[in-house]
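A.B. asks: Work the whole structure out from these sequences, hints included.
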Amino acid sequence: MESLSNKKKQIVVKPLNFWERAYLPAIVQGLSITMSHFFRKPVTIQYPEQKREFSENYRGLHSLKRDENGAERCTACGLCALSCPAEAITMTAAERQKGEEHLYREEKYAAVYEINMLRCIFCGLCEEACPKEAIYLDGDIIPSDYLRKDFIYGKDKLVEPPLNQ
Amino acid sequence: MELADIAIKFGLIIIIFLISLVVAMYSTYAERKIAAFFQDRVGPNRAGPFGILQPLADGAKMFMKEEIIPTNATPFLFIVGPSLAILTACIGSAVIPWGQNLVIGGRTIPLQVTDINVGILYIFGVVSLGVYGVMIGGWASNNKYSLLGAIRAASQNISYEISMGLSIIALLMVTGTLSLGEIAQQQHGWHWNVLYQPVGFLLFMICAFAETNRTPFDLPECETELVGGYHTEYSSMKLGFYLFAEYINMFISSAVMATLYWGGYNYPGMDWVTAHTGPAIGPLIGTAVFFAKIFLFIFFFMWVRWTIPRFRYDQLMDLGWKVLIPLAIANIVVTGIVITFFS
Amino acid sequence: MSTFYFIAFLSIFFSILVISAKNPVHSILYLILTFFTFTIHYILMNAQFLAIVNFIVYMGAILVLFLYTLMLINLNKESEPVKPFMVKIAAVFGGGILAVALVSSLKSLGVSDPVVLKNPELGLVKNLGKVLFNEFLLPFEVSSVLLLSAMVGAVLLATKDPKEPKATI
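Just so you know, the sequences run in chain order S, U and V.
For what it's worth, the numbering used here labels the leading residue of the first sequence as 1, then goes sequentially.
For what it's worth, the numbering used here labels the leading residue of the second sequence as 1, then goes sequentially.
For what it's worth, the numbering used here labels the leading residue of the third sequence as 1, then goes sequentially.
There could be a bad hint or two in this list.
[As the list claims (entries may be wrong)] Calculated cross-link-like contacts (lysine-lysine; reagent style DSS-like; alpha-carbon spacing at most 27 angstroms):
#	chain 1	residue 1	chain 2	residue 2
1	S	Lys157	S	Lys51
2	S	Lys41	S	Lys51
3	U	Lys144	V	Lys22
4	V	Lys22	V	Lys88
5	U	Lys322	S	Lys14
6	S	Lys157	S	Lys98
If you are wondering where the hints come from, they were derived from the structure by calculation, not from laboratory data.
C.D. replies: Quick look at the structure:
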């Protein structure tokens with residue numbers, strides 16, 4: 001039958017000739033190959049000090065954004081928690097008091113906002129679900145830690161630093 | 001023997017012992033670094049500059065780890081195994097000539113612990129004894145993988161000892177002596193034995209790879225089939241002893257190869273150098289040359305390890321019995337004919 | 001001389017342990033120690049070559065093979081056959097007769113003078129080689145041919161019959 005891709009190749013097993021059976025030329029060839037690698041520049045990127053550039057659509061650590069006045073955008077609607085397939089997000093909503101307008105943009109805000117980084121699969125669905133453009137996965141790689149409880153990131157780690165600082 | 005002579009001898013033994021330990025220690029570092037270079041990596045570089053303190057960190061780790069003796073193991077033999085392995089690895093260095101006689105202040109100091117007139121056979125015996133450490137440890141672990149590793153080590157060592165002995169016989173026909181000191185002296189200048197015994201050297205080197213259980217002959221500790229081979233059940237410093245013994249063996253067998261075939265401490269133009277530097281410095285330069293040769297061999301061991309994959313077991317036995325032994329016997333015959341008719 | 005008695009004591013001690021050890025692997029290990037004391041005996045007699053050959057051939061090769069076989073067949077206490085009572089009696093009886101024969105033959109021996117070697121250097125490689133290749137050349141060569149043929153025979157046994165179909169890899 002005609003092959004579709006014309007890439008089919010019939011392999012013929014030939015008996016080894018004397019030099020192939022002697023094994024030593026093959027060893028010398030192999031040694032020369034490894035030796036050529038010996039002087040090659042290492043491809044290693046020494047991670048904590050050097051970092052490989054992330055691609056544009058890389059999804060890393062989440063950050064809760066602020067608006068142009070420095071107020072938190074999140075309104076604790078819960079859509080991100082709802083859309084999260086790994087159920088990594090929890091939050092507690094609270095009402096904005098008088099005098100807190102510079103802190104929170106809407107009347108309702110997230111008093112507690114926690115993401116369990118051990119559950120999160122970095123799919124980016126929370127980012128897509130957010131109606132207020134408050135959450136983005138634009139951060140770094142999650143650092144390692146010793147205890148499970150240290151992987152539950154609260155607002156202290158998630159919210160962007162204030163603008164004027 | 002004077003007291004001073006005894007003191008010098010004692011000092012020499014301790015120095016050689018320390019040197020072989022330090023070389024073995026840094027061989028582990030060199031192995032990791034060289035492996036990294038062959039694979040376009042960087043290798044250990046965190047402990048100290050260029051990772052130079054890595055062996056110390058590894059050693060500390062080995063000492064700190066928990067000692068585990070399996071319930072069904074034979075406790076005494078379980079401990080004897082690694083001890084025997086490192087003991088037999090260390091005593092091989094006694095007969096190796098590390099350099100010419102030093103003359104310091106009218107006193108002649110031989111740089112060889114003892115020049116017994118059966119030096120080669122002594123090395124050979126120590127090597128053949130080395131397998132007991134592996135066998136006893138493997139058996140005492142009471143684990144099928146360890147036992148298989150031990151059995152593989154035994155049959156492999158016995159098989160390759162034969163061709164190793166036969167390749168040495170051809171060398172002895174050329175040198176006419178069993179003493180390593182005399183063999184080293186005969187190769188003065190550039191009269192290295194490898195020029196007269198290239199096939200013998202090749203055979204000896206292949207067998208040395210097999211006797212030290214290095215890749216491509218590391219079937220006793222073959223990870224893909226036997227978990228860890230004979231040291232599957234070992235942990236902490238007992239495992240460290242096994243690994244360390246392998247590196248000391250590598251150092252000693254490199255030294256033996258350099259002495260027997262590559263001229264030992266001899267190098268072209270050594271007379272001129274000794275005449276110009278005096279009898280105290282000249283021999284030390286020879287010793288440095290000897291160590292350079294040893295390190296080249298150690299590098300070669302590692303180079304081969306990171307190039308060639310492991311043999312299958314039947315291939316290993318085929319190579320030992322059907323290729324190396326006939327080749328070694330042919331080498332003896334050819335050497336005999338050449339000696340009879342051309343000298 | 002005291003070294004000799006100490007080493008001789010050790011050889012006898014270990015050889016008794018060889019036959020009294022319950023575990024066959026242990027008795028092989030004791031046998032290795034026994035052979036090691038033999039090596040020391042040879043060194044004490046200034047027979048360096050014999051010492052080292054004993055070391056290589058017996059300790060390094062033959063006993064490794066013993067150990068190898070014993071490890072493979074895995075003798076346990078459970079698999080040890082229970083010997084009938086009559087066999088035990090017969091064994092004791094036979095051993096007793098052997099002991100009587102040994103003691104009586106020892107009694108008939110006169111105590112000889114301590115053997116003094118005419119040439120204390122006889123055991124060194126050079127002198128041994130001269131003796132072997134001058135006085136005993138023919139038996140030496142014949143035995144070497146015998147050993148070589150045994151080795152070649154082993155290789156021949158291991159090589160496959162070319163007529164047989166090759167195993168597919």
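A.B. asks: State for each hint whether it applies.
C.D. replies: Comparing the hints with the structure gives:
1. The hinted pair formed by S:Lys157 and S:Lys51 meets the criterion: a straight-line CA distance of about 21 angstroms does not exceed 27 angstroms.
2. Taking the CA atoms of S:Lys41 and S:Lys51, the gap is about 17 angstroms. The hint holds against a cut of 27 angstroms.
3. Proximity of U:Lys144 to V:Lys22 is assessed by CA-CA distance (about 22 angstroms); at most 27 angstroms being required, the pair is judged to hold.
4. Between V:Lys22 and V:Lys88 the alpha-carbon distance is near 17 angstroms, which keeps this suggested pair within the 27 angstroms criterion.
5. For the hint linking U:Lys322 to S:Lys14, the alpha-carbon distance of about 23 angstroms falls within 27 angstroms, and the restraint holds.
6. With a CA separation close to 26 angstroms, the supplied pair S:Lys157 and S:Lys98 stays within the 27 angstroms bound.
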